[in-house]
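Each chain, written out:
Protein chains: 6
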Amino acid sequence: MSVVYRNIERAPLAIVDGLAECGAATVHEAMGRIGLMRSHMRPVWRGARIAGTAVTVSIPPADNWMIHVAVEQCREGDILVVAPTSPCDAGYFGELLATSLKVRGVRGLVIEAGVRDVAELETMGFPVWSRFVSAQGTVKATLGSVNVPIVCAGAAIAPGDVIVADDDGVMVVPKADAERALQASRVRLDKEQQTRARLAAGELGLDIYKMREALAAKGLTYID
Amino acid sequence: MSVVYRNIERAPLAIVDGLAECGAATVHEAMGRIGLMRSHMRPVWRGARIAGTAVTVSIPPADNWMIHVAVEQCREGDILVVAPTSPCDAGYFGELLATSLKVRGVRGLVIEAGVRDVAELETMGFPVWSRFVSAQGTVKATLGSVNVPIVCAGAAIAPGDVIVADDDGVMVVPKADAERALQASRVRLDKEQQTRARLAAGELGLDIYKMREALAAKGLTYID
Amino acid sequence: MSVVYRNIERAPLAIVDGLAECGAATVHEAMGRIGLMRSHMRPVWRGARIAGTAVTVSIPPADNWMIHVAVEQCREGDILVVAPTSPCDAGYFGELLATSLKVRGVRGLVIEAGVRDVAELETMGFPVWSRFVSAQGTVKATLGSVNVPIVCAGAAIAPGDVIVADDDGVMVVPKADAERALQASRVRLDKEQQTRARLAAGELGLDIYKMREALAAKGLTYID
Amino acid sequence: MSVVYRNIERAPLAIVDGLAECGAATVHEAMGRIGLMRSHMRPVWRGARIAGTAVTVSIPPADNWMIHVAVEQCREGDILVVAPTSPCDAGYFGELLATSLKVRGVRGLVIEAGVRDVAELETMGFPVWSRFVSAQGTVKATLGSVNVPIVCAGAAIAPGDVIVADDDGVMVVPKADAERALQASRVRLDKEQQTRARLAAGELGLDIYKMREALAAKGLTYID
Amino acid sequence: MSVVYRNIERAPLAIVDGLAECGAATVHEAMGRIGLMRSHMRPVWRGARIAGTAVTVSIPPADNWMIHVAVEQCREGDILVVAPTSPCDAGYFGELLATSLKVRGVRGLVIEAGVRDVAELETMGFPVWSRFVSAQGTVKATLGSVNVPIVCAGAAIAPGDVIVADDDGVMVVPKADAERALQASRVRLDKEQQTRARLAAGELGLDIYKMREALAAKGLTYID
Amino acid sequence: MSVVYRNIERAPLAIVDGLAECGAATVHEAMGRIGLMRSHMRPVWRGARIAGTAVTVSIPPADNWMIHVAVEQCREGDILVVAPTSPCDAGYFGELLATSLKVRGVRGLVIEAGVRDVAELETMGFPVWSRFVSAQGTVKATLGSVNVPIVCAGAAIAPGDVIVADDDGVMVVPKADAERALQASRVRLDKEQQTRARLAAGELGLDIYKMREALAAKGLTYID
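Listed in order, the protein sequences are those of chains A, B, C, D, E and F. Counting from 0, one number per residue, gives the positions in the first sequence under numbering that gives the first Met the number 0. Counting from 0, one number per residue, gives the positions in the second sequence under numbering that gives the first Met the number 0. Counting from 0, one number per residue, gives the positions in the third sequence under numbering that gives the first Met the number 0. Counting from 0, one number per residue, gives the positions in the fourth sequence under numbering that gives the first Met the number 0. Counting from 0, one number per residue, gives the positions in the fifth sequence under numbering that gives the first Met the number 0. Counting from 0, one number per residue, gives the positions in the sixth sequence under numbering that gives the first Met the number 0.
This is chain A alone, in the form it adopts within the complex (with noise of 0.2 Å):
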């Protein structure tokens, strides 16, 4: 029952890049608001702005031991994704497994449960979003499996799916839509430019996007 799947297939690096910049709020519209991890799921330390392939971790709760199994499978531009198989808050991961993870070009971790060294993980500049700070340690005796499909958070992830994640929340995008996502990310990116500065102007989102018509109609009524 425990098994890891050693070749995934990723998306490609230069679309997950795009994804990035366009942020988890951004891909998440475009998708058509699907595939957005539940709000629990905060940022350890904040400003951090990343997205990367996932390799994906089912793992039973307060025992890490899969998380070493996973780093192994882990290469430049991925993300780590690791789901408990029952709810769980302790500490999984700390600055010693972020070491290890950096050295192979990680880009960060996202993790249904908690992490310690919290501190030390903002000084090395390795982005985490966890449900939980917990310095809680784990055991190393039951086994899990690595790159299956998880959900995590209210999400359902398969193995090199594109996440984006920042302080808005985290995203998943099935790595077979990242490139419709991309381009339908950045039409959006652009709109919203405009109407930023039609907003900064003065201009009312009411009459931007022509609501007061269909507000009518649904009988909104002004009392003066």
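A portion of the hints provided could be inaccurate.
Any copy, or any two copies together, can satisfy a pair, since identical chains are not distinguished.
[Claimed, not checked] Calculated cross-link-like contacts (lysine-lysine; reagent style DSS-like; alpha-carbon spacing at most 30 Å):
1) K174 to K209
2) K190 to K101
3) K217 to K101
4) K190 to K139
5) K209 to K101
6) K190 to K217
I should point out that these hints are in silico values taken from the structure, not numbers from a laboratory.
Given the coordinates of chain A, assemble chains B, C, D, E and F onto it according to the supplied hints.
For chains B, C, D, E and F alone, coordinates are given in the frame of chain A:
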């Protein structure tokens, strides 16, 4: 059922500005310890301390249409206060809406739901208090109301009431009580200034507040 | 029922100071992974790493009277540890009490409830770990006890025990175990230093910790 | 600051009794989907469906003194509605207080806190909706107010408003709206009765509510 | 983006019915301890044990339009499985929809949101597992999809998969694994039957499962 | 580090049985309102009221091996009390373990984690208090300890202490205090019996407890 009240009576800005200097905790104490929103309302970025007059929005879950409607009702010195009709963590608000509010002189946003673009909001210096941060998008399909009485994070708010918000939380002062709140807050600040000096000099609160006798009367026992 | 123990035995400060350098996660591991408070105990501001001897307070919900009593029992090197008798998010503690503790040489506060004046606490450099931040005021009406054994955030604490707290959480070391904890922590730090260098050079944890055989014995399967 | 209003205007019991027959969900829909308490308000025992006029209590955390004060203000047909000024799970209420309320003709209790003696409450047939069940005792040290406007579980309530409560939750109807709510609820019940018969006969909601055209207009696509 | 797949492949009902007899916990163990929904999914009433084939619904928060669409896609032996695209506690479902499903032979509902009319659902004998109970109404304004892969309460589900639900929770079995799951579950039940008899006769699990040696090898120490 | 204490001193069963009759709330009050577990500890089925002597288990998250070890240490009149070393909702315990405990005369289980087979547990009449219900399975890989002091749901428990549990929650009485607790509880029950009769006759708590003067002294104001 969906109405927008255009003309609301606001608390005078001179009083509002005075309350901003006092901060949420002091005003809360001065008002007799009522009017504070629940502690899950947290600043999206740290360090802002503001006060303003409430423009209120009652809004459906995961639908931000009415925020666009509300923007038009805002003016210099306002704070937009938004409460969904049932709990929701979606990201109703981002930097485009903040751009629109900022150009109108709005001082900040208080929302018992999610917001996104939090890095940009901090860069813009637009203060936001929310329950969640989330990139999750919303729709524009269902109406709500603007400038009606609402309950936000456990506090009842009428349009035009004063909102005082800082890193300690969000406080609501009914507009009829604003002047009294400011006076009582200033008295309290003066008193605290004196107490602070005595405590810093090593005096004990037990003595400054003359607590020893009351504690003994209640039966407090010291054991060596 | 309400007592204040004036004379408690404290762990030696030389050992306490050594533990501060090791940090919560290392000491937790060195102690066999017990004694950590729940992960909901978070620093009010980031970056502090302290250790001290516990002065404990069992306190009613939303009533901070006994903190004033406890201040007098604190001395140089202490950390005040406060647990309400039932869950409460009210703001028991602010900068006035911090001023009073700081002048006595107290190193920080650990409280499974709320605190306020968090901006001021950071400016003062007074470290606080709490479950909540809230401006909500408290009363002074009901007694509790000082320097009795308490449970705070899931950890049992006796007066005089060592508290080690940093951005990863809050750890409790029974005073009888403090010296052993320091020795074991230092051994661990030395070992980690060597491991870190090897990981940074590209060696894998799988090899450093010699995990491959045990993983295979458990049945881990690699699929190309 | 602590007041007890002795004379409040109550909604007429004839209307109140009519609303009890309609139930919380129907009245909520009839009122335009506003006025429902948060879903954490749950019946302590299942099967009761009541309505009554609200006697409101604003109460300190973990202090039930004011409930004793409120009992005297209750009369036949009332429901006691209690909200602590900050979140609290302590057991404010048990079978002794229920005995006292029952003898006065009070129909039930709604409290955003804890209660105890839940087996006895069920045996007595005294209905209670609460957020928590807890044996945790409370003190009698600090005042609150009776028959002032309160916020309970996210709903604003004025003294004398109608409370409708059953296994689905707790609904508040402003007393000025009670008659209209009853009429609209009855219309709704009649309509549901007809719909139920058609659904039971195998007709689809899609057809009964004539949704197919609107769904198609929105772009819903069927794929075989 | 909003699609309804009309023709899905379902697991055979003979196997489904066999799995119902085994119950969620046994099937979960037989499948290698994967596929269980989060423990916040609870039966609205106690005592049902069912299995069926999943008709899946991805639905907006607080909008139940797509449930009406999904009803038409359901047939004898199905279980409707509904997941909102962001967390929501509104009451999407009540006795009218249950009437409609029941007449089509649908065995139950699993929804990671709220439901209402819970007393009526129990009276009807229509089993429901949900995260919340709430009278809060929903709108019919925004589309979703039917019979697409979804994540519900942390579990990935494809249309036609087997759902096994009872008082212990909700389990998902991919349809390709259903036959194997049934065989493994029956083996497990047989084995448990024998174990139960031995335990009831006073034998210890330590001996039946031959744990003593492994415990000693791990270092377990008995102290008299 | 992993130890099993075989010989513990237990509170006398005659006293334990007396405490069972008093119930958790009464004993909690009689002990001065300390020793209650957090309100998230709920009965898996309603209606049991038991007391017993604690056999304690400190156990890893999602690993129930030590429960099998603990069973052997249990005897007539015991209650098994289990606390994971970090929060966990997995289903550690089901009807097989209950069968084993029941045959040894164990009165119930208290566990700050999950259990399963809840329908069977009710049928067997084996009382369980837990934080969660979950079918999620556990492993048998890592040791813990039996009959060491633990913290369970916020309460400190030593082996042999008395546990009193009913629908109101779970109470811990240190064995040294058991006799005093029983006496005080009986006094309290007698007093409550008299109060109940007076309340049922229509007297007010305000008068029975002579509260009016104290309320007036605090400043309570009645407004007609």
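| field | Index of numbered hints that the structure contradicts, given in increasing order | value | Result: hint 1 breaks, nothing else.
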